[in-house]
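J.: Each chain, letter by letter, is given below.
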Amino acid sequence: MASRDVVHYNTPLQRVLSVLSVVFVIFYLIWTLLPFVIMFVSSFKDLLEAFKLPAVGDWAGIGVFFEFTPTLKHYQTLFAENNFSRYMLNSLIAAGGSAVISVIFGSLAAYSLSRVDFRGKSDLFFWIISTRMAPVVAVMVPLFAIFRSLDLVGTLPGLILAYTTFNLPFAIWILKGFFDNVPYGIEEAQMVDGATRFQAFRSILPLVAPGIGAFIVLCILFAWNDFLFAAIIGSGGAKTLPVATRELVQPQNIQWGAIMAAGVVTTAPMMLLGLVIRKYLVTGLTMGAVKE
Amino acid sequence: MATVTIRNVWKYYGQTPAVKDLNVTCPDGSFVSILGPSGCGKSSTMRMIAGLEHISAGDILFDNQRINDLAPKDRDVAMVFENYALYPHKTVFENIANPLRLRGTADATIKERVTGAARLLEIAHLLERRPHELSGGQKQRVAIGRAIVREPKLFLFDEPIAHLDAKLRAHMRGEIKHLQRNLGTTMIYVTHDQLEALSMADFIAVMHDGELQQWGTPSEIFNKPVNAWVAGFVGEPAMNFLTCDLKRRGDDVVLSHHNFDIPLLPGQVRQLNGAAQAGIARMGVRPDAMTVSMTKPSEAAIQGEIFVNELLGGDMLVEVQLADSRIRVKTTPEFEGKPGEICYLTVNRDKWHVFDAGDGHAYF
Ligand SMILES: Nc1ncnc2c1ncn2[C@@H]1O[C@H](COP(=O)(O)OP(=O)(O)O)[C@@H](O)[C@H]1O
Ligand SMILES: [Mg+2]
Chain Y
1 MASRDVVHYN TPLQRVLSVL SVVFVIFYLI WTLLPFVIMF VSSFKDLLEA
51 FKLPAVGDWA GIGVFFEFTP TLKHYQTLFA ENNFSRYMLN SLIAAGGSAV
101 ISVIFGSLAA YSLSRVDFRG KSDLFFWIIS TRMAPVVAVM VPLFAIFRSL
151 DLVGTLPGLI LAYTTFNLPF AIWILKGFFD NVPYGIEEAQ MVDGATRFQA
201 FRSILPLVAP GIGAFIVLCI LFAWNDFLFA AIIGSGGAKT LPVATRELVQ
251 PQNIQWGAIM AAGVVTTAPM MLLGLVIRKY LVTGLTMGAV KE
Chain H
1 MATVTIRNVW KYYGQTPAVK DLNVTCPDGS FVSILGPSGC GKSSTMRMIA
51 GLEHISAGDI LFDNQRINDL APKDRDVAMV FENYALYPHK TVFENIANPL
101 RLRGTADATI KERVTGAARL LEIAHLLERR PHELSGGQKQ RVAIGRAIVR
151 EPKLFLFDEP IAHLDAKLRA HMRGEIKHLQ RNLGTTMIYV THDQLEALSM
201 ADFIAVMHDG ELQQWGTPSE IFNKPVNAWV AGFVGEPAMN FLTCDLKRRG
251 DDVVLSHHNF DIPLLPGQVR QLNGAAQAGI ARMGVRPDAM TVSMTKPSEA
301 AIQGEIFVNE LLGGDMLVEV QLADSRIRVK TTPEFEGKPG EICYLTVNRD
351 KWHVFDAGDG HAYF
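Residue numbers (my numbering), protein chains in the order written: chain Y, 1 to 292; chain H, 1 to 364.
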């Protein structure tokens, strides 16, 4: 393979461009990170301190943002008064449950679609993807009616099922691409070596692990951040973090402090997950694109 | 160890037949080579034996047991794939150990057998590497290691050394042959390289367009080809073919061409069976069944003009222009003829062949 160094010529134009790009990156970082910083800092502030703002144009007044005595009382409100640990658990179960179920059924279906030829295969595959073409809101009402008649509204299994409905086609679609990239010869060799069909399937799972990892993350993100399903199908017994946070906005009293703390509680686990699985996510999402 | 019987086997992909009515019996412990050009159905045959491809019609038997409906894992064969098909995420050790692991062999035995196989194949120092850290030759040895680590009934090698460079290929030919001799396991070895088949096999099955052309020992295939196609495919440099007339002259039958009239040997006349004693035929003669000289050695010599000389190391190949075609003859590097000069060819009539001009079958 050729070296990956990009040959660099230090012309004046190049120097100007590189300075400009650094400036751009700085602004971009401020733009994307500032909301998180404000959220994080504000969650530790008393309400009065949180709304202390410097006058417009008073750059020296920026220090005001950081003049406060840290307090954990918003977090106490969340967990002691508002039962947030329960909601967090609901979120975890709903997201994790649907991810696990989708990945099990998704990999089996994707494997079959990738390996077996049968009549109407391309139609079936298109039909599976097409279920993701309609926006969620469009199917919300009929879905709600079905779920209500099955007594699934307001239950965690109901919420898991709802997320799986939407994650499974996605899983099949992503994972099929990964299976397509694994040469069939590997399974044939396994079978001649003495493996059953199912053992041969299992033996190539490590080769699609990056795909499965990437998919699990995307799946969990979808469920964790979802508001619509959670508000309608999960409402009542299976309240998740976004719904609970929304309920902190009450007509006569918007609990800014608690909302900020809820934001931190909701964001932090996903950031952590992202850090842990970052390597997988990147190789996973690019591996399908580049053929060895 | 097993006798493999392939009986009236057909393979269809959709409507196109890839293997047509194949009948072959591979004796127990023999080294059988399936030889044919690319696309003639060699791999299809192999994959039907291994159980990776449905048998469209016919039966395959191992020791008189019909195996058509057995899953690959129950056939007890070991296969080396054309593209090696190693497990990319496993070390060399685990690749070789895989068939044993799948059979639940004890760890101590696995270690012993894998290191044994690795030593035999001279890859013992590579056991901790992964396939992408190996050269082509090393990968191929690992694939063979995976096949020989247990004692299967049958080895199936599908062009295992086709991708190696010439020198390594020559080396591996000897090694594989030696290995099969020592293990005594029946081997079916697919190749498109006639030299590989001739040098390694006990028996060769020559295939063309999905049909078996000839079954025989290497010397039968080389010296008594059943038709012009086999004669032309086997042997390097290839056999020369000339279209001639068969003419009766007294008690003799002569092979008559613009440049020559040569009588057949008496035994060969009998092999013509009367029917073809007059008419067109194709004469075939290998480059090493002729001699070339600059002076006329006898009346029967064929006169031609030297077209080009090729020096091939220890041999010289002279291409001679006749009236309507060129033929090649092998001689020694000391040969002094120059292109454009007149030369004379003498055919060793014991080693020439005459084929039917229509279907190409050999009279002798
Ligand atoms: N899976 C397949 N589907 C359709 N045709 C195939 C398939 N595999 C092989 N063929 C065709 O069958 C013929 C024989 O192929 P193969 O057995 O691989 O030949 P070989 O190994 O001698 O090169 C070829 O014409 C090939 O195109
Ligand atoms: Mg082949």
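These aren't lab readings, by the way, just hints derived from the structure by calculation.
All C-beta atoms, glycine included, are put in the ideal place defined by N, C-alpha and C.
One or more hints might be untrue.
What the hints assert, rightly or not - In silico negatives: residues of chain H with every beta carbon more than 12 Å from chain Y: (1) A50; (2) P72; (3) H89; (4) N98; (5) P99; (6) D107; (7) L168; (8) S199; (9) P266; (10) D288; (11) K330; (12) I342; (13) D350.
As the list claims (entries may be wrong) - Computed cross-link-like contacts, SDA-like style, restricted to lysine to any residue with a CA-CA straight-line distance of at most 25 Å: (14) H/K111 with Y/G177; (15) H/K90 with Y/I128; (16) H/K90 with H/D69; (17) H/K224 with Y/A209; (18) H/K90 with Y/L124; (19) H/K153 with Y/Q199.
J.: Checking one constraint from the list: CA of H/K224 to CA of Y/A209, max 25 Å. Satisfied?
T.: violated (56 Å)
J.: Is the claim that H/D107 lies outside the interface with chain Y correct, judged by CB distances over 12 Å?
T.: Non-interface label stands for H/D107: nearest chain Y Cβ at 17 Å, farther than 12 Å.
J.: Measuring Cβ to Cβ, find out whether H/P99 lies farther than 12 Å from everything in chain Y.
T.: Answer for H/P99: violated, closest chain Y Cβ roughly 4 Å.
J.: A cut-off of 12 Å on Cβ-Cβ distance, and H/P72 was said to be off the interface with chain Y. Does that hold?
T.: violated (4 Å)
J.: Checking one constraint from the list: CA of H/K90 to CA of Y/I128, max 25 Å. Satisfied?
T.: violated (34 Å)
J.: A cut-off of 12 Å on Cβ-Cβ distance, and H/I342 was said to be off the interface with chain Y. Does that hold?
T.: Non-interface label stands for H/I342: nearest chain Y Cβ at 57 Å, farther than 12 Å.
J.: Please verify that the nearest CB of chain Y lies beyond 12 Å from H/S199's CB.
T.: Since the minimum Cβ distance to chain Y is about 26 Å, H/S199 lies beyond 12 Å and the statement holds.
J.: Over 12 Å from every CB of chain Y: does H/N98 meet that, or does the non-interface label fail?
T.: Violated: least Cβ distance 5 Å, not greater than 12 Å.
J.: Just want to verify: H/K330 was marked as not at the interface with chain Y; is every Cβ pair farther apart than 12 Å?
T.: Consistent with the label, H/K330 stays out of reach of chain Y, its closest Cβ about 41 Å off (over 12 Å).
J.: Can we confirm that no CB of chain Y comes within 12 Å of the CB of H/A50?
T.: violated (5 Å)
J.: Please settle this one: H/D350 was flagged as non-interface, so is its CB more than 12 Å from every CB on chain Y?
T.: holds (46 Å)
J.: Is it correct that the beta-carbon of H/L168 has no partner in chain Y closer than or equal to 12 Å?
T.: At about 22 Å from chain Y, H/L168 clears the 12 Å cut-off, so the statement holds.
Hint violations for this structure: numbers 1, 2, 3, 4, 5, 14, 15, 16, 17 and 18, all remaining hints satisfied.
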